[in-house]
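Kindly produce the complete structure, drawing on both the sequences and the hints.
Protein chains: 2
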Amino acid sequence: MQRPLILATNDDGIRAKGLRAMVNIAKAVGRVLVVAPEKVHSGQSHAITSTMPLRLRKVEENYFGEDVEAYACDGTPVDCVKLAMAHLLSGRPDMILSGINHGSNSSISVVYSGTMAAAQEGSLYGIPSIGISLLDWIDNPDFAPSISIGKKIVLQVMQNGLRHEVCLNVNIPAIPLSEIKGVKICRQANGTWIEDYDRRVDPHGGEYFWLRGKFVNNEPEAQDTDEWALSNGYASIVPIQPDMTSYAEIDRLKLEWKI
Amino acid sequence: MQRPLILATNDDGIRAKGLRAMVNIAKAVGRVLVVAPEKVHSGQSHAITSTMPLRLRKVEENYFGEDVEAYACDGTPVDCVKLAMAHLLSGRPDMILSGINHGSNSSISVVYSGTMAAAQEGSLYGIPSIGISLLDWIDNPDFAPSISIGKKIVLQVMQNGLRHEVCLNVNIPAIPLSEIKGVKICRQANGTWIEDYDRRVDPHGGEYFWLRGKFVNNEPEAQDTDEWALSNGYASIVPIQPDMTSYAEIDRLKLEWKI
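As given, the protein sequences belong to chains S and G, one line each in that order. Each number in my numbering comes from the position in the first sequence (counting from 1) with 527 added on. Each number in my numbering comes from the position in the second sequence (counting from 1) with 527 added on.
None of these hints come from the bench; they were simulated from the model. Since the model is a prediction, treat every value here as computed from it, not as a measurement. Glycine residues also receive a C-beta, built at the ideal position from the N, C-alpha and C atoms. Keep in mind that a hint or two might mislead.
As the list claims (entries may be wrong) - Derived DMTMM-like pairs: lysine to aspartate or glutamate, alpha-carbon spacing no greater than 20 Å straight-line: (1) G:Lys741 x G:Asp729; (2) S:Lys785 x G:Asp751; (3) S:Lys585 x G:Asp725; (4) G:Lys781 x S:Asp751; (5) S:Lys544 x S:Glu565.
What the hints assert, rightly or not - Across the chosen pairs, the derived CB separations fall in these ranges: (6) G:Gly557 x S:Lys741: 48 to 56 Å; (7) S:Met579 x G:Ala749: 29 to 37 Å; (8) S:Gly618 x G:Asp751: 34 to 42 Å.
The following block contains the structure:
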């Protein structure tokens with residue numbers, strides 16, 4: 528029997544160390560194809576490229592070690608998944624892994640995340656998909672704890688599957704493995720990015736704006752959220768789905784609106 | 528008392544006819560500020576620009592008629608909302624309107640939509656926000672039915688408000704107003720984009736890929752979805768929320784996983 532086929536992608540680009548860490552996880556369970564963005568695509572969410580064409584570049588042999596074929600794509604993380612599914616894979620992969628992201632994708636950040644959009648795209652094809660993020664923004668963090676925990680989660684999903692169109696948003700605290708207390712299955716915390724723009728002037732007198740912000744957990748007391756888990760030494764897993772309907776609001780609108 | 532202040536944006540860009548239609552709706556209820564992308568940003572979802580700076584261009588006087596101040600931004604639809612909130616508005620707007628989009632944003636398309644991401648971003652600030660889309664992709668469709676229905680929906684939201692962090696995804700069928708049977712409050716239909724890439728070769732022998740696809744409604748019998756409403760002559764309203772947690776899957780994972 529052939530070993531499972533894993534498609535690995537990310538949003539930090541083909542050169543990111545986190546992608547190498549994810550390939551390490553994927554190799555432990557199966558054969559690996561990498562299709563990742565040529566450049567950094569943080570904060571690209573579920574963006575797709577339809578008004579421009581896409582190109583693929585085959586990455587040099589052994590870039591990710593023996594037997595791993597890899598391509599860089601000049602589009603977004605979701606483009607990578609779509610192009611791999613439509614053009615590079617002869618059959619369906621058994622799993623899609625996205626990350627390991629350099630930085631958190633917990634709480635409301637999931638909405639902006641290219642890492643999680645790629646995983647969600649995989650789930651829309653009916654393929655069990657997992658996005659993994661480490662709560663460390665630096666270029667060269669220690670991915671060993673994330674690899675260890677990631678392997679366990681991948682095995683659980685291989686064995687038990689995932690509900691149709693649901694993928695997993697996994698976040699790992701940036702602490703040594705010995706200090707990580709375990710893995711918690713959570714809901715997405717209600718949180719807010721408090722943001723502003725740093726206004727600057729270029730050498731030619733033109734005005735420009737850089738986004739900067741700070742995350743706030745709006746429900747620090749709630750113990751069933753990803754934010755609580757991460758603040759208390761646990762890795763968090765939030766199952767996420769593409770149905771964005773607010774069913775509670777449907778009921779209210781039907782009752783109150785006269786239209 | 529001052530009239531309400533409406534922020535209008537879109538994803539088809541500052542020159543799109545749909546944005547003029549939205550300004551028409553906004554003018555009926557209040558004062559209007561327009562901040563929209565300089566270029567077309569379809570399919571940009573919730574993408575934000577944080578690794579590059581943003582610039583703003585003040586649009587010529589009276590471009591949207593008297594008393595409407597307008598800016599073009601070189602970022603995404605969500606960037607437009609963030610930059611307007613942080614830099615251009617002195618207070619909070621009373622409502623954010625996004626669109627009118629040239630083309631549908633029903634069912635799973637909401638996940639890819641820049642129009643709806645801008646509305647959702649508004650709701651994250653706690654501002655009642657509405658995205659409106661017309662099921663017509665052409666440059667110059669008849670927006671009169673959308674304007675008529677849009678005004679009614681905007682008035683309802685002005686009167687009744689919206690649940691915190693919930694915004695409305697409004698889609699309008701491309702038929703004459705006299706044939707539109709009414710407005711239905713719906714859930715997001717389960718649908719799929721069946722896609723492939725058209726493989727082409729450029730004049731220099733390089734390979735490139737264009738995305739093309741076809742939408743399929745996976746539950747055509749269900750009568751409570753946006754797709755059903757739109758196929759049966761109704762405008763659809765789906766309230767959408769930023770919490771992507773699959774609560775059903777939380778229960779199953781807690782029961783079945785050993786980790």
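The hints, checked one at a time:
1. The suggested pairing of Lys741 (chain G) with Asp729 (chain G) is violated, with an alpha-carbon distance near 25 Å, which exceeds 20 Å.
2. Annotation: proposed proximity of Lys785 (chain S) to Asp751 (chain G) holds, straight-line Cα distance about 18 Å (limit 20 Å).
3. For the hint linking Lys585 (chain S) to Asp725 (chain G), the alpha-carbon distance of about 19 Å falls within 20 Å, and the restraint holds.
4. A distance of roughly 12 Å separates the Cα atoms of Lys781 (chain G) and Asp751 (chain S); the hinted pair therefore holds under the 20 Å criterion.
5. Proposed proximity of Lys544 (chain S) and Glu565 (chain S) is supported: the alpha carbons are some 14 Å apart, at most 20 Å.
6. Checked against the hint of 48 to 56 Å, the C-beta distance between Gly557 (chain G) and Lys741 (chain S) comes to roughly 31 Å, which is inconsistent with it.
7. The hinted range of 29 to 37 Å is satisfied by Met579 (chain S) and Ala749 (chain G), whose Cβ atoms lie roughly 36 Å apart.
8. About 36 Å separates the C-beta atoms of Gly618 (chain S) and Asp751 (chain G), a value consistent with the hinted range of 34 to 42 Å.
Going down the numbered hints, you'll see the structure goes against 1 and 6, while the others check out.
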